[in-house]
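Add chain R to chain Z, keeping to what the hints say.
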Amino acid sequence: GENVEQHPSTLSVQEGDSAVIKCTYSDSASNYFPWYKQELGKRPQLIIDIRSNVGEKKDQRIAVTLNKTAKHFSLHITETQPEDSAVYFCAAYQAGTALIFGKGTTLSVSS
Amino acid sequence: EAQVTQNPRYLITVTGKKLTVTCSQNMNHEYMSWYRQDPGLGLRQIYYSMNVEVTDKGDVPEGYKVSRKEKRNFPLILESPSPNQTSLYFCASTGTGSGNTIYFGEGSWLTVV
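Respectively, the protein sequence lines represent chains Z and R.
Quick note, the first sequence lines up with residues 175 to 285 if you use the working numbering.
Quick note, the second sequence lines up with residues 13 to 125 if you use the working numbering.
Some hints could be false.
Said to hold, decoys possible - Listed next, the in silico DSBU-like pairs over lysine-lysine satisfying Cα-Cα at most 30 Å (straight line): (1) R:Lys77 - Z:Lys277; (2) Z:Lys231 - R:Lys29; (3) R:Lys29 - Z:Lys216; (4) R:Lys77 - Z:Lys245; (5) Z:Lys211 - R:Lys69; (6) R:Lys69 - Z:Lys216; (7) Z:Lys216 - R:Lys30; (8) R:Lys83 - R:Lys29.
No wet-lab data here; the hints were simulated from the structure.
Chain Z extracted, bound-state conformation:
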């Protein structure tokens, strides 16, 4: 089955800096890679996703890159703001199989 590793587990940055979170996956058949943001006590919310036929996707300050050969994908947040502070989860998925998440990264942005 799929295994997703996520690093780092915690990340502290200054407001305005960039933050990068990396995930690796084991099943080369996985073809959908979403990223979720979770604020304390709330449900995870989708912030960006990428499919296996795309190498990079951007949405304002957030971008995701995918390297299928190396089986890793990364979340990039530029110009971080205090409201970006949350737990971020990556996932790797193939339709018809279990949806597996990484263990999460706690991002703290200090002003």
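Just chain R now, kept in the frame of chain Z:
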């Protein structure tokens, strides 16, 4: 409006008293799943279901049961709850096509004393 609805949202119960957490989705999704979330351990999958009458164990199924008699409902059953099942539980659903958005319920806070 697309929704995944869980009930109850908050529950304190005693060891050994059977309980059921319900999950219902209105999007005609084939795939439904239960996760528990504990500090530092992320979202761990308990059980998932690809369709009606098809269920599979996730990473942490011990102490839990599920059923999928209807497409829209996927209840999580704790036959004899124990304190180590105190956790935040999330239900999720998605279609089985490629790249479908995954929807989460609001979560159920369960405390077993």
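Do the hints match the structure? See the list:
1. About 24 Å separates the Cα atoms of lysine 77 (chain R) and lysine 277 (chain Z), which keeps this hinted pair within 30 Å; it holds.
2. Simply put, lysine 231 (chain Z) and lysine 29 (chain R) have alpha-carbon atoms about 48 Å apart, too far for the 30 Å limit, and the pair is violated.
3. Between the alpha carbons of lysine 29 (chain R) and lysine 216 (chain Z) the distance comes to roughly 27 Å, so the proposed pair stays at or under 30 Å and holds.
4. For the given pair, lysine 77 (chain R) sits about 33 Å from lysine 245 (chain Z) by alpha-carbon distance, which is inconsistent with the 30 Å threshold.
5. The straight-line distance between the Cα atoms of lysine 211 (chain Z) and lysine 69 (chain R) is roughly 26 Å, inside the 30 Å bound, and the hint therefore holds.
6. Taken as a hint, the lysine 69 (chain R) and lysine 216 (chain Z) pair is honoured in the structure, with Cα atoms around 25 Å apart against an allowance of 30 Å.
7. For the suggested pair lysine 216 (chain Z) and lysine 30 (chain R), the alpha carbons sit about 26 Å apart, so the restraint of at most 30 Å is met.
8. At roughly 27 Å between alpha-carbon atoms, lysine 83 (chain R) and lysine 29 (chain R) fall within 30 Å of each other, so this suggested pair holds.
Going through the hint list in order, the structure does not satisfy hints 2 and 4.
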